[in-house]
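Q: Numbering of the sequence shown is given in the working numbering, commencing with residue 56 and proceeding in unit increments.
Hints in this document: simulated from the structure, not taken from any laboratory.
Honestly, I wouldn't trust all of these hints.
[Unchecked claim] Restricting the straight-line Cα-Cα distance to at most 25 Å, the calculated cross-link-like pairs of lysine-lysine (DSS-like) are:
id, residue 1, residue 2
1, 330, 465
2, 74, 168
3, 183, 196
4, 183, 74
5, 465, 372
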Amino acid sequence: MLKCYLNYLTKKKQTVSIKLNGFFAFSFYNSKTDELSVVRDRYGVKPLYYFQNEDKFAFASELKALLSLTGAQELNHNALHTYLRLNYSTGKETIFKNVFRLLPGEYISVKEKKVSIKTWYTIPHHKKEESIKDLLSDAVKLRLNADVPVGCFLSGGLDSSIISALAKKHHNDIHTFSIGFADEPFFDETEYAELVAKHINSSHHSFKLKDTDLLENINPFLKSIDEPFADSSAFNVYVLSKYTKKHVKVALSGDGADELFMGYNKHKAELLSRKFSSKALSPMMSPVLSLLPDSRNKSFSNKVRQLKRFSKSVNLKAEDRYINWACISNEKEVNDLLLSKSNHSFNDLFSEAFTQKNFNPVNYADLKIVLADDMLVKADRMSMQHGLEIRNPFLDYRVVEFAMNLAENKKISNQGQKLILKESFKDLLPKEIFSRKKKVLNCLFGNG
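Could you build all of it, start to finish, from the sequences and the hints given here?
A: Right under this line is the structure:
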């Protein structure tokens, strides 16, 4: 755990150790030792970039601010390759050469012109007899502590509903916020959010997004993105944050639950892949599937899309399966777009997760890659553009450590996903929330 030593100007000049629980990115200069420390939080909720060459070291929370110090930088083709595969950048490298991303749980030490990067936090491997209900309740209570109005994002999905229900227990006058889609009824789920809001008796606000809102907000939306980023729900978070900020300055979110408790469709597919092989599928399946339409816009075509991806991945080894499900484009498609083939070792970005022994590799990869460089980037950039602070109770380090050390069968089985969450919080929410099917844009609220 990070220990931040502060010298208070008292008669005895005491040194106090403070343990931080939450998100942060900060620097600390020790004038006595002439040493600069630059630190990022455990799971990458807040961004921190740095520039380094032979003559200069600089750091900032945004690329725009950093480039104002360093001047224009050359395009990093490795990061471009990664972006085209995933729709976002991940790992240490950014879209610019000589500009890097400090990874979650790391800090930089600068002394006598020497720059060194060290790890201050790794997830401990231990199993404790703890209650997720108590841990998460305390995490919510802690994040409600503020001297400004606090509310909750509420999609009506399991994760944001749990957070909102717990917030209501600790704060009687809690406001909840959801976004609907006036012109896209397939994706509109405000009825579930309103059902939960009525059940917990929160003051609920529902915003209906129209197609014309994209044109009206496109320029400021794009300005909030530092480097190429194409998460499909980023614009929705942008608009939701814009309207939420009119009522509160802090919003609690369900981000992190899917990654920690195996709530994504790919987790279900991974479970199924251990039981089936493509040899067990009908030889006629691939030709038939190739003739069927696939998209995310309708229930049937979305199922076809998922089945196509599953049939292509099921016989691969675990790491390659994960990469196939995580990527939006394959190697050939990306190389066809580029003027020259990249020699970038893309798979190396996932190797740590699939070679470490202490944790489920899929969970670990989700936490280190998908959460840190997609979901949290989306939430932070879109919300901070409007001065709205998002807090994530599921990313309380106690909750993360509990979840990462939890047996897989407590999270997912043939009976469903997020099993421990459903069992632990079934008394807080309407039964419809536990039986509803997931829609694509649920990931907007941490229910992907």
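Q: Against this structure, judge whether each hint is valid.
A: Hint check results:
no. : hint       : in the structure
1   : 330 to 465 : holds, 19 Å
2   : 74 to 168  : violated, 29 Å
3   : 183 to 196 : holds, 22 Å
4   : 183 to 74  : holds, 20 Å
5   : 465 to 372 : holds, 24 Å
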